[in-house]
Amino acid sequence: MIIAFVRTIILYLLIIAGVRLMGKRQVGELEPSELVLALLIADLAAVPMQDFGIPLLSGIIPILTLLCITMIISVLTMKSVTFRALLCGRPSIIVENGTLHQKEMAKNRFTVDELMEELRMKGITDISTVKYAILETNGQISVLPYADQKPPAAKDMAITIQEAGLPLIIINDGRVLEHNLKLRGYNNSWLEKQLKAKGAKSPKEVYLLSVDEAGQIYFAPKEIQA
Amino acid sequence: MKRIGIALAILILLFSATLLHSTSIEVFSSDLTALLEAAEENAEQGDWTGAKELTQTAHKKWINRDFYLHITLRHSETDSVYMAFREVSEFIECQEGGEYSAANAKLIAGLELLAEAEQLTLKNIF
Numbered sequence: 000m001i002i003a004f005v006r007t008i009i010l011y012l013l014i015i016a017g018v019r020l021m022g023k024r025q026v027g028e029l030e031p032s033e034l035v036l037a038l039l040i041a042d043l044a045a046v047p048m049q050d051f052g053i054p055l056l057s058g059i060i061p062i063l064t065l066l067c068i069t070m071i072i073s074v075l076t077m078k079s080v081t082f083r084a085l086l087c088g089r090p091s092i093i094v095e096n097g098t099l100h101q102k103e104m105a106k107n108r109f110t111v112d113e114l115m116e117e118l119r120m121k122g123i124t125d126i127s128t129v130k131y132a133i134l135e136t137n138g139q140i141s142v143l144p145y146a147d148q149k150p151p152a153a154k155d156m157a158i159t160i161q162e163a164g165l166p167l168i169i170i171n172d173g174r175v176l177e178h179n180l181k182l183r184g185y186n187n188s189w190l191e192k193q194l195k196a197k198g199a200k201s202p203k204e205v206y207l208l209s210v211d212e213a214g215q216i217y218f219a220p221k222e223i224q225a
Numbered sequence: 000m001k002r003i004g005i006a007l008a009i010l011i012l013l014f015s016a017t018l019l020h021s022t023s024i025e026v027f028s029s030d031l032t033a034l035l036e037a038a039e040e041n042a043e044q045g046d047w048t049g050a051k052e053l054t055q056t057a058h059k060k061w062i063n064r065d066f067y068l069h070i071t072l073r074h075s076e077t078d079s080v081y082m083a084f085r086e087v088s089e090f091i092e093c094q095e096g097g098e099y100s101a102a103n104a105k106l107i108a109g110l111e112l113l114a115e116a117e118q119l120t121l122k123n124i125f
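Quick mapping for you: the protein sequence lines, in order, are chains H and W.
Residue numbers for the first sequence follow numbering that gives the first Met the number 0, beginning at 0 and rising by one.
Residue numbers for the second sequence follow numbering that gives the first Met the number 0, beginning at 0 and rising by one.
Be aware that one or more of the hints could be misleading.
Distance condition first, Cα-Cα at most 20 Å in a straight line; then the derived SDA-like pairs of lysine to any residue [unchecked claim]: (1) Lys-78(H) x Arg-2(W); (2) Lys-1(W) x Leu-65(H); (3) Lys-105(W) x Ile-124(W); (4) Lys-102(H) x Gly-138(H); (5) Lys-149(H) x Gly-138(H); (6) Lys-78(H) x Ile-5(W).
Listed below are several chain H residues computed to face chain W (Cβ distance under 7 Å; list not exhaustive) [as the list claims (entries may be wrong)]: (7) Pro-54; (8) Leu-56; (9) Pro-61; (10) Thr-76; (11) Met-104; (12) Leu-180; (13) Leu-182; (14) Tyr-185.
No wet-lab data here; the hints were simulated from the structure.
Where a beta carbon is used, it is the ideal one built from N, C-alpha and C, also for glycine.
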């Protein structure tokens, strides 16, 4: 059993390193080469992990090879537009000016049901209100409605809104985050005043307290456990 | 370009290492096969002591590379060669001509197949 333990640690670390090298996109949106890597790597690691009759090198060598090839492909994809188009394909416009491009949909094996589902998920029920619907290389659909169908922004309505900025957490589940407090330009006496104003005796009674760049405070006291 | 260089270097290293391994296994297998064939010739001439010495030399050579073989080849394959060596040694001890010859042929074939399976050939790839 010690063999299974050691092998699991080695292969796990190797896969973690590989996924880390692929970047954050590995978790969500996968390009074809990354998807293939994700599919293969798990299987390659699992086989020598479970079958002690297979040398560990039979798992390590293919995994290292895959990682190197993926690295080379990702660099080439970054450097060359042609290579990127060859490997990842190009985005396909499936709706243009409210008109369905049926040939493009058939080429991408994309059904009307799938399109309608994607549009509904984006809050659109009428295709004629869509200026462009683009099937991206990662399989996601970008929907761009006509300008007159877009919700108005504050700028369009000539309204000035104060920028609140990023709120920083000052108290997290009873713990004061001193670094964030200093970063916002406040000190403990300011915090004590705020707590008193909110009716809290100490930070331990606070579940969440955050302050944005405009000084707006969000306060949530801890719920009393029964 | 640094990343691509590292990736290429690792790929070349892996390729060279695997190629070296297949060559090394082939040479090793040929060496053992030659010893076992010589042992069989000795046995056919009634020199069981000479056959035993040559077989033991081959067996020792196998055992000396046991770690390397164990981490690079399927364990079932290395185990079967080990068992075949033991079988051949027993037939030499008993001086059983026919059975020794059959077991030795089986061992030689096993070693040849082991090396053949590691060679970079289309047959092996597909």
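Hints breached by this structure: Violated hints (numbers, rising): 3, 5, 9, 10, 11, 12, 13 and 14; every other hint is consistent with the structure.
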